[in-house]
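Chains as they are written, first to last, in my numbering: chain A, 1 to 179; chain B, 1001 to 1156.
Hints in this document: simulated from the structure, not taken from any laboratory. The structure displayed is predicted, hence computed values, not measured ones. All C-beta atoms in this analysis are idealised placements derived from N, C-alpha and C, irrespective of residue type, glycine included. A portion of the hints provided could be inaccurate.
Here are the simulated distance ranges between beta carbons [unchecked claim]:
#1 A:75 with B:1107: 47 to 55 angstroms
#2 B:1087 with A:81: 56 to 64 angstroms
#3 B:1085 with A:101: 53 to 61 angstroms
#4 B:1129 with A:71: 53 to 61 angstroms
#5 B:1129 with A:81: 30 to 38 angstroms
#6 A:68 with B:1074: 54 to 62 angstroms
#7 A:151 with B:1148: 28 to 36 angstroms
#8 A:101 with B:1115: 25 to 33 angstroms
#9 B:1074 with A:75: 52 to 60 angstroms
#10 A:75 with B:1073: 50 to 58 angstroms
To spell it out: a stretch of chain A is covered by chain B in this simulated footprint if at least three of its residues, at any positions, have a beta carbon under 8 angstroms from a beta carbon of chain B; those stretches are [said to hold, decoys possible]:
#11 109-118
#12 129-141
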Amino acid sequence: MNLESEEKNAADEFSYPGLGDVIFMKAEKFIETVLNWGRGWSLWPVTFGTSCCAIEMMTFGATKVDADRMGVLFVGDSPRQSDLILVSGTITKKMARRLINVYEQMPSPKYVVAVGACNISGGLYHDSYNTIAGIDRIMQVDVHIPGCPPRPEQFQDAVKVLRELIQKNKIERYDKRTS
Amino acid sequence: MTSELVEKLKSGLKGNITVISDDGVNDVVVLSDKKLIKSAAELIKGTHDILFMLTIVDRNPNFELNYLFSNYRNKNIIILRVNITQDDYKIDTVSKVFPSADWEEREAYDLFGIEFKGHPDLRRILLPEDWPGHPLRKDFEVTDDVRNWTGLDLKF
Ligand code: SF4
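Here chain A stands alone, though its shape is the one from the complex (with noise of 0.2 angstroms):
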C-alpha cells in the first residue's frame, strides 16, 4: 500500500521542463560558454614546483618558451587568484597535506596539471614508502605532462589542450578534489 502511493506521489510530482525552464538553461549554457571562452585565455598558475620538473616550469615562463602570450602570467603566484595548478615535482606523502590546502585555497573553476612522470604514476619513486605515487590518488587531474622532466614545449602544448577542453565545456566539475 505504501509502496503504491508513494510510487504514485512520484507519478504526481514529474513534469517535464516547461518553456522557461529550458530558456533558462540555455541561457546558463550560454553564458557558460562565453565565460568559458574567456577562462581558457587567461589561465593564471600557481606554481607547485617541489623538485627537478619545476625547473623546466621555470623555463616554460621565461623568454624563449614565452608564457605569458598565451595568457599563461606568472603574477604574484598567489592561489587566491589563480585558475590553474602546475603541480611539478614529487609529492611526498608530508607535501600532500600542503599542496591540498594551496588546492582549496583556489576559488573554482580550477583546472589541473600534472607535470611529469612523478605526478602522473610516482616515476621514480613509485615503489617509495614516502611519496604519493601519481596524484590522481588525493585529486581529479584534467591534464598530464609525461617526460622527466618534460620539455618546456610540452608544457605549451598542456595549456593548448587545455584551453581546448575548457573552450569546448568539457571541463564541467567545479571542486573536484576527490579522497
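Please arrange chain B with the ligand on chain A, whose structure you already have, making use of the hints.
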C-alpha cells in the same frame, strides 16, 4: 702515537671502553655500556667542538650507533660507538652537551625508532607526524598499506 683524548676517556670511564684505533687523528672507541654515553660526551666536549654526524647501523635485531665528533682547529675526529640491544631501543640524549645532536637524534628517532631519553623535542623530522612505522629498519616492508597511505583523512 697515541691519542690524549683516548687516554682521558680510558681513565674517566674507568676502562669501560674498547679501543679500536687511537692514532690521534681518526680515533675509534667502543663504549661497553650505553649508560655511559653522557659522561663520555662530556669528556669529549673539552677537546672536540661539534657532533657532526650520527650514523646508525641496523645489525638486526641490535643497533649500532656511531657518534662522530670533530673540532674547528685541526682534522682530528673521534668515533664513539655504542651498541643497543633489543630489550629496549632507548639511550640517553647528548643534545644537552652537543646542541647539534638535537636534529640528528630526531632523525634517528624518525627513521629507526630509537628513543632518546631527555631529548627536549623528540618529534619526527622528515616524515609526517602520524606516519606508521620506521622505514629504515631492516624488518620494515613496503606493503600496500604503506603505499596507499596518504594521510589526508586528517583534518587541518
Ligand atoms: S618526473 Fe622526473 S624530473 Fe619530474 S620531478 Fe619526477 S624525477 Fe624529477
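Each hint tested on the structure:
Residue 75 of chain A and residue 1107 of chain B have their C-beta atoms about 38 angstroms apart, which leaves the hinted 47 to 55 angstroms range violated. Take residue 1087 of chain B and residue 81 of chain A: their Cβ atoms lie about 58 angstroms apart, and the range 56 to 64 angstroms holds. Taking 53 to 61 angstroms as the suggested C-beta distance range, the pair residue 1085 of chain B and residue 101 of chain A does not conform, at roughly 43 angstroms. Checked against the given bound of 53 to 61 angstroms, the beta carbons of residue 1129 of chain B and residue 71 of chain A, roughly 40 angstroms apart, lie outside it.
With their beta carbons about 31 angstroms apart, residue 1129 of chain B and residue 81 of chain A fall inside the hinted range of 30 to 38 angstroms. The beta-carbon spacing between residue 68 of chain A and residue 1074 of chain B, approximately 56 angstroms, falls within the hinted interval of 54 to 62 angstroms. Roughly 32 angstroms separates the CB atoms of residue 151 of chain A and residue 1148 of chain B, a value that falls within the hinted 28 to 36 angstroms. Checked against the hint of 25 to 33 angstroms, the C-beta distance between residue 101 of chain A and residue 1115 of chain B comes to roughly 31 angstroms, which is consistent with it.
The supplied range of 52 to 60 angstroms is met by residue 1074 of chain B and residue 75 of chain A, whose beta-carbon atoms lie about 53 angstroms from each other. Checking the proposed 50 to 58 angstroms range against residue 75 of chain A and residue 1073 of chain B shows it holds: the Cβ atoms sit about 52 angstroms from each other. For the segment 109-118 of chain A, the stated coverage by chain B is not satisfied: 0 residues place a CB nearer than 8 angstroms to a CB of that chain, which falls below the threshold of 3. Coverage of the segment 129-141 of chain A by chain B holds in this model, with 6 residues showing a Cβ closer than 8 angstroms to a Cβ of that chain against a need of three.
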